[in-house]
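Enquirer: Residues per chain are reported as follows:
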Amino acid sequence: MKTNNKEIRIGFYICHCGTNIAGVVDVDKVREFIVKKDNVVVSRNYKYMCSDPGQELIQKDIQEHRLNRIVVASCSPLLHEKTFRNTLEKAGLNPFYLQMVNVREHVAWVHSDNEKATEKAKALCNAAINRVRHNKPLEKKRVSFHQDVLIIGGGIAGIHSALTLASGGKKVYLVEKKPTIGGHMAMFDKTFPTLDCAACILTPKMSAIKENKNIILWTNSEVIKIEGYVGNFKVTIKRNPRYVREDLCIGCGQCVENCFYKEAKFPDEFNLGLSKRKPIYIPFPQAIPNSAIIDDKTCIHFKTGKCKQMCLSACERNAIDFNQKEELREIQVGAIIVATGFKTYDPIKEPEYGYGVYPNVYTSLEVERLINASGPTAGEVILRDGTKPKSIGIIHCIGSRSEKANKWCSRVCCMYSLKLAYLLKKHTHAEIYNFYIDMRTPGKMYEEFYDRLLTEGVHFIRGKVAEVTDISLVKEEEGKLILRVEDTLASVIRRIPVDMVVLSVGLEPSEDTQKLAHILNIGLSAEGFFQERHPKLAPVSTFSEGIFIAGCCQGPKDIPDTVAQAGASAAEAMAMIDAGYFEIEPITAYVLDEFCSGCKSCINICPYSAISYDESKKKVFVNETLCKGCGTCSATCPSGVMKQNLFEDEQILNEIEGLLVYE
Amino acid sequence: MKYFYYPGCSLRGMGKAYEESWLKVCQKIGLQLEEVKDWNCCGSTTYLGFDEIKSLVLVSRNLAMLEKEGGSEVITPCIACYYLFNRTNHNLRDYPQLKTETNKMLQEVGLTYSGNVKVRHPLDILVNDGWMEKISQNIEKRLERFKAVCYYGCQLLRPYCEFDNPSNPKNMDILVGLTGVDVLDYPLKTKCCGAIITSNIPEKGLELVYVLLKEAKKRNADFIVVTCPLCQFNLEFQQEKIMKIYEEDIGLPILYYTQVLGLAMGLSLKELGIRRCLTLTPEFERALI
Amino acid sequence: MAQELTTKSVLYERQLDANFANLIQSMPGGENLRRCIQCGTCSATCPFSHVMDYTPRKIIYLIREGFKEEVMSSFTPWLCASCFSCRVRCPKEIKITDLMYLIKREAIKDNHYPQKAPIVLLTKESVKMIHKNGRISESYLMGIVLLKVSFLKLLRMSGLGLKMLLTGRFTLIPEKIKSRGELKKILAFSNKKVEENSK
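Quick note, the sequences are listed as chains A, B and C, same order.
Using the working numbering, the first residue of the first sequence is number 401, and each one after it goes up by one.
Using the working numbering, the first residue of the second sequence is number 7, and each one after it goes up by one.
Using the working numbering, the first residue of the third sequence is number 88, and each one after it goes up by one.
Straight line, CA to CA, 30 Å or less: simulated BS3-like cross-link-like pairs of lysine-lysine:
1. K250/B to K235/C
2. K265/C to K110/B
3. K124/B to K179/C
4. K124/B to K219/C
5. K875/A to K153/B
6. K210/B to K182/C
7. K43/B to K215/C
8. K179/C to K936/A
9. K697/A to K662/A
10. K110/B to K271/C
11. K265/C to K43/B
12. K8/B to K263/C
13. K875/A to K247/B
14. K110/B to K215/C
15. K250/B to K880/A
16. K196/C to K210/B
17. K247/B to K880/A
18. K179/C to K807/A
19. K224/B to K788/A
20. K271/C to K43/B
21. K223/B to K250/C
22. K880/A to K153/B
23. K265/C to K124/B
24. K265/C to K74/B
The set of hints was computed from the structure by calculation and includes no laboratory data.
Chain A with its partners taken away, still in its complex shape (with noise of 0.2 Å):
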């Protein structure tokens, strides 16, 4: 085989790992089959090539035998390419000359007739010596890392993880698509398991996020594009108008009571549709920005023109501007950490439950509005129709664990249906009955609190509710709401009649998921949830590097996993900005100039729009750091002119000879 100029001088290693390996395919065979061929000067076998002493062995084998190319047969690329790409470094040889062979999970793991696994692994080692001969020398790239950072949502993850960024130093853009910060957090009554209420806790960081120098808010505003990569992206922010200022506005209210509509008529979102407000509002007292903000689908001078504004007059700070308009901000950061929560499951999809068909079917977000102090009832749990209930269900795994709803476990339904319960039981002192499937309380003190909620003399029913209906069989049951169960502990149907049901809704992907997703070009996972790396190494970032989840966009979690894993994100990406730079593989297409023809074949085909079309050279040319290197172009490419740095025509023709012919 003619060599090119330089002498190519191979060294080649096969990892036993173990038995992994060595188990089924004789790796001394190996060893002696490649010692035999061209350029290759060393031929071992060892137990664990990547351990240190493994590695030491490499470096040793380059220093004195003068080695210029590696070959490594042992476990997926996917462990260890990285280890060993290092270990060429550190002895002074471009990483790049190293090639991986994986004779584990393509061979010793999927074989069982060893003599048939042994041939293969040596076709494979064969074709990696024939393809290591051509590989090239190739530079890791650098870009910069803008330091500000842009954070999409402000519930507690968001707000988390713009304090600790902000604390480290670091510029953060939080932005909010409802006109205040708080997310749902802000809506509890109590937090499980030590009963805090939500609000005290939560509106210090609230408040700090507000008086933070380094933490530019943006509420009522949503991001419309990304454009860029890692270090450096480009994104374009939609500020919706408020009509209100929100440097003047100190949230006296006074333009809220002098509105035209006397009577606010119009569904509170903050207290789902159980109250009223006006078309100015504040969505709730300790709202950030502690700014009104006007409704203009409701608002009359928007629906008419024609009224008298007496809001404006009303403003001592001439707060109130109808000229607003939307407006697009672009900013640079270079990362971003995405917390855009979750939404609870409608029941409305399984009408057996008799949500939206009887009035005293509440879902369990609706409760922690009608207990809490200043939601629509100042805290005292009065029905739609008017009436105090002595009798309360909560049926807990609605929308959960079910092909029919969503398949997961939503994770914190038990928790609070015990919260609510007892919560409930202190407001109204009723007979509370819950009915579950499994109790989950997994979290720290939370098994404690179960046992708490036990000795308070709840009704705990293992069972799931099938319908809720107000046709009675007897005399006690007229005039309520009957829950048909099966007490499967008891071994006996039972039919229990309550004036009150509280349906424990499950978590579900936030409606805007989808569209983010596309905006950002992050991966969803079957449930629709934004998609991790790896379940467990690496829960907060994303398979786009810069781009971090945090909180239940993630996943359905409580609030502490929630702010672990914004505090998570903040410490990776500040990792990323303090390195300063991000080193991009260099696996990279690229282009021979001289012979494209501008078809532009290869642009709409770049999954990553990492090609562009230079009008003067009438030439395509390749942005490396948009490049992920999948070679969609190059096998596209008509003239072949399109190439892959480490994926040569010369490099994979060669390895697929030396597969053929391997004796």
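Given chain A, put chains B and C in place with the hints provided.
Expert: Just chains B and C, lined up with the frame of chain A:
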């Protein structure tokens, strides 16, 4: 368009009025039917408790025969037959070994079944195949002075119904509404009446029937409209006993939707088999004329 | 003589049938048997669960653990109204009604069912009638079943029988198809198959 028609044993026995009124209504609106020649019993759910393959064979024989005649759709007014036929199609599709076995047996008499005949119910055809206009045109006598509830029962909607919403079906309400009858809201319209049990162990099923009748009476219905011969029988044959046990007057006539349509089309009580209903009262009969 | 206060005792593994679950699961309709999370929605929605000795949920559990004797002698499959509410509501899409039919068939094959129960007699008699005539004449069928249950019951239902006669819903001559021979041929073939398979 001509449809193949499978009456089933019930329509020749207890459900005679159903077939009578159905055929008369079809005649009026011009819906042509061809009865499957020499059809055999589908086995109903009772045969399912005996042998799976034989049950599939019983149904497949009928489907194979009509396929041989060039048919691709069959109407089954009886909903037990509707369930059995659909079940056969699904099982032959989902379990290839069952299909092979079934066809092996049919081969004994030179028949084979592809599994592709579509099974339709009149409530599907009349509403979805564009017969509503024809029906409206033929309505001579609007029944506005009557109030009724429509009771669908089980096997039409579960598990194979694709032509209507199984939790909140509307087709029968729509059809009966065309006649001018005030169709009332009826939350129990998809609840089981316990027919299979009540016919054999009457004591256990009484309560279910009582609840259904009571709720209809509470809403001031004059009669209950049904689509299943078993439901029709079950809801009426114990009304006296129920009234005695619960000491409430909840007796109501139980009519088929085809009978209601026929009445509005001006057909006579005899043609529609109205007097076959066991709980017909003289006042009600008078009101119908 | 010491009186037996209780007849209960420990249940040992050898008393259970380890293969029962696999058997049921392998038949068409029994596929999702093991996915049951014992939520009880099926029992809660079943119109007759309150009179059953074992509820549908319990039956599934008993099959899974191999309580063959209990399942086969349970009255539950015979009380199933075939309304399919359980199957439609089951969060794991278990075909519960089909399971009930599976058990009924196994029970009849094993000769293991409540002998005088009307519903069982109904099954047997309707099978006989279909095999003989190709069709069922309902009034005849009801009469035969009631006769076999108890003569007294038949008498009590005679009032109803008369009403049916007067309204023309009582079949006087049993319905028969022309191709009775053809039907017998097909069913006899399958009888052969059943025998071959059970050998």
